[in-house]
Every structure is written in structure tokens, then in C-alpha cells.
Amino acid sequence: MSTLYYTLSNTVFRSFLFYAVASVLKMMLMSLLTSRQRFRKKAFANPEDIKPGKEKKIQPTTSDPDVERVRRNHLNDIENVIPFVLIGFCYIACNPDPNIALWHFRVFFFSRLFHTFAYQIPLPQPSRALGFIIGLVATVSMAIQILLQVY
Amino acid sequence: MSTLYYTLSNTVFRSFLFYAVASVLKMMLMSLLTSRQRFRKKAFANPEDIKPGKEKKIQPTTSDPDVERVRRNHLNDIENVIPFVLIGFCYIACNPDPNIALWHFRVFFFSRLFHTFAYQIPLPQPSRALGFIIGLVATVSMAIQILLQVY
Amino acid sequence: MSTLYYTLSNTVFRSFLFYAVASVLKMMLMSLLTSRQRFRKKAFANPEDIKPGKEKKIQPTTSDPDVERVRRNHLNDIENVIPFVLIGFCYIACNPDPNIALWHFRVFFFSRLFHTFAYQIPLPQPSRALGFIIGLVATVSMAIQILLQVY
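Sequence lines, in order, name chains A, B and C.
Each residue of the first sequence is one higher than the one before, starting from 19 at the first, in this note's numbering.
Each residue of the second sequence is one higher than the one before, starting from 19 at the first, in this note's numbering.
Each residue of the third sequence is one higher than the one before, starting from 19 at the first, in this note's numbering.
Be aware that one or more of the hints could be misleading.
Said to hold, decoys possible - Simulated pairs of lysine-lysine, DSS-like, Cα-Cα distance not exceeding 30 angstroms: (1) B/K75 to C/K69; (2) B/K60 to C/K59; (3) A/K60 to A/K44; (4) B/K75 to A/K60; (5) C/K44 to A/K59; (6) A/K75 to B/K59.
What the hints assert, rightly or not - So these bits of chain B aren't anywhere near chain C, every CB distance computed over 10 angstroms: (7) I100; (8) R124; (9) F135.
Keep in mind the hints are simulated off the structure, nothing from the lab.
None of the values given here were measured: they were computed from a predicted structure.
Ideal placement from N, C-alpha and C gives every residue a C-beta, glycine not left out.
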């Protein structure tokens, strides 16, 4: 008998939905932080973003260090959160042990939360590197479990 | 009884497939627009992309304003379209009202279409900001509905 | 009768899981290649990444050509591999012919593998362009098949 994995009655999928959506929302927050920094530093990337007539000397820029720090963080999220969600969706079909799966999701989410704080405060290294590596290991561990099962 | 949500007989999933694929194709179109601008402006990022012998003075560049405008648009799509599709997949499992779901998908897709025109023409602000915010609200609204249901 | 497509007993989904996970892992490898180049060239993007006291003259940089080459490759993967996985997930629901589907997945994966070698060695053009276009065609072909079925 084939079973349904992609339903709310499956505990693994339910906890995945929570951590996947939370991770994506965390990532999307970086867009708003970028906007905030652009307005604060008056560092806009496009000429049409600069209010005309008011301040004559503002030139478009893509090299403000505070804006670029948030943007690098955002790109790092894209490089890590999206693979986590994609691989997580695949992982559900492999019917993993609920506890093992839950810890993968938790560890990933909190490591990325820590990574963001480490990047934006910023904390001295290797704080940020640690947050990055722990999240990577969680995702790669799910990937290996999938490959072993479908190969 | 558990029901199947991820099948073509589910109207919500069917309309999601349409708008998700359309949004991703729109995003992928930016790759081709970037190539077009690179050839038009002869602004290539890699030395091996420049035709040898023909024009001696061309240097690789990553700062042509027209190319960079398309690239920023592409990156903004990645930051918004991919979260929409990922969260949309999760949203399906929550069995939302077909009409409410359909309007989320529609609003998202057309706000991103408008965002692209506003970025590339370009239209005066706050046109582009509006396209961005409306799409963001649609995605965040789906995310909140999921979190309320699985928490 | 509605059938289950998102289970390991479906051959198409099983081969999709393999190639989707393999493609995402290939993409994630670029993060590690970027780190390696940053250490090799001592080209760090953030001031806190530079070991204090040891070498005084190192300044943060985001323009080292070897680091930027890997980063462009990574971004190109994001622009192509993620759409493939997202559209692939949608494609499964359309119950495609297993052989046709398998060849789409295979062609995509190996074209992206070739693209990475072409970018990093680098091979003379149009090698890289070819790898890019073949992968794009595989993804767009799946997208069209979905749109035809759900429209």
C-alpha cells in the first residue's frame, strides 16, 4: 500500500512546513533590511529611486558597505535556504524517522538565524562560518539519505 | 480520510501549477535579456566571451549600467519568485479556499509582471516599489495562513 | 481514480529525486569552491574575515577575478538549477512518460555539469554557452508540457 506523505496528518511534513516557511520568511526579511539600509544611507542602485530636486548630489551606488553587507547575507540565504527547502521536499517522500527529521529542520533553521545575527552585528569569526557550516551539514545529510534510498 | 491535494484534479493545485510555471518562466527570461544586453553593449563578464582578434579594445566588465539593470531585476525575481513557488507548494497542503488561493496566485504573477516593466522601461517610482510590495504581501499572506494551520 | 505521483514507487519521481538532489548538491559545491578561492587569494568580502594582526595590508575586496568567476558560476546555477527543480516538481504531477522525463532530467544534469567545467577551466566559447542553452531547453520543455496540460 502506498501512503500519503504530503498531508498535514504526517508529523514530519507538518514540522517541515513550519521550518521551511519560517526559513523562507527569514530570508525574505533581508529584502526589507536592504531597503532600510538604502534609505538610511541614501545609497540607491537606480537613478529613478532618488527623489528628484531635493538633494542634488546623490548618485546611484552599488558599493555602500552597509547595504552590501545585508545583500551578501541575503545572497548567502538564497544559496542555503532554498536548497534546504528543495531537498527537504524530496526528503519527505523518503518517510524519514520523525525525530531525526525534526532535528534536521530545527538545527538548520536555528543555525541560519544565528548566521544572520553573526553577519549583521557582526560577531567575530568563526561565528558566521560555524552558522553556515552547521546549516550546510543538515542539508547535505538529508541529501545523502535521499540518494541512498533512491539509488 | 486523507485527501490528495497534489493532483491535477485539485483546482487549487492546477491553478498553482499554471501561475508558478508562468512566474518561473518570466524569471528565466531575464537570463536571455541579460545576454541580449551584453551583446548589444559588448559588455562581457569573462575574457573568453570576447571574440578574439576582431575588436582589440574590449575589456571584460561587470559594471555596464544597462546590463546591471537587467541583472538586478533578475536577482529581485530570484528573491521573490522562488519564495512564492516554495511557499505556494506548502500552501496547497493546507487545502485553501480555491477562490482565495487563485487570487493570491494571480495577484502575485501580475504584480511581478508589472514590476519587470516598471524596472526595464523604467517607470518613475513608486511604480516598481508597488509591484514589489504587492507581490511580497501575496507571498507573506500565504505563509501566515500555513503557519496558523501547522502551529 | 486518482493516483499517487509523489511516492518512491513512481519511477519518474524516483529518478527526479536523484537528479534534483544531485543538481542541488552540485550547486552547493560552488559555496565551498568560493571559500577555497577566498583563502587561496586572501580575497575576503568582510573585514571580520581577515585574521587580525597577522597580515596588515589585506583589505576586504569583492573584485578578485578568480573569486568572482566562481561566484558568477554559482549565481548562474541558482538562475538555472532552482527553476529546474521547481518546474520538475510540477512536471511530476502531469504524469509524463517515464522515458521522456528521465531524459529531460539526465540532459539537464549533465549539461550543468559540463557548464561548470566549461566555466572553471575555462573552455573556449561557445562551450559554456552550449551547456547553458541545453539545460535551459530541458527546463523550458518541461514547463511547456505542464502549461499545455493545465491550461
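Results of checking the hints against the structure:
{"no.": "1", "hint": "B/K75 to C/K69", "in the structure": "violated, 39 angstroms"}
{"no.": "2", "hint": "B/K60 to C/K59", "in the structure": "holds, 29 angstroms"}
{"no.": "3", "hint": "A/K60 to A/K44", "in the structure": "holds, 24 angstroms"}
{"no.": "4", "hint": "B/K75 to A/K60", "in the structure": "violated, 35 angstroms"}
{"no.": "5", "hint": "C/K44 to A/K59", "in the structure": "violated, 37 angstroms"}
{"no.": "6", "hint": "A/K75 to B/K59", "in the structure": "holds, 28 angstroms"}
{"no.": "7", "hint": "I100", "in the structure": "violated, 6 angstroms"}
{"no.": "8", "hint": "R124", "in the structure": "holds, 14 angstroms"}
{"no.": "9", "hint": "F135", "in the structure": "holds, 20 angstroms"}
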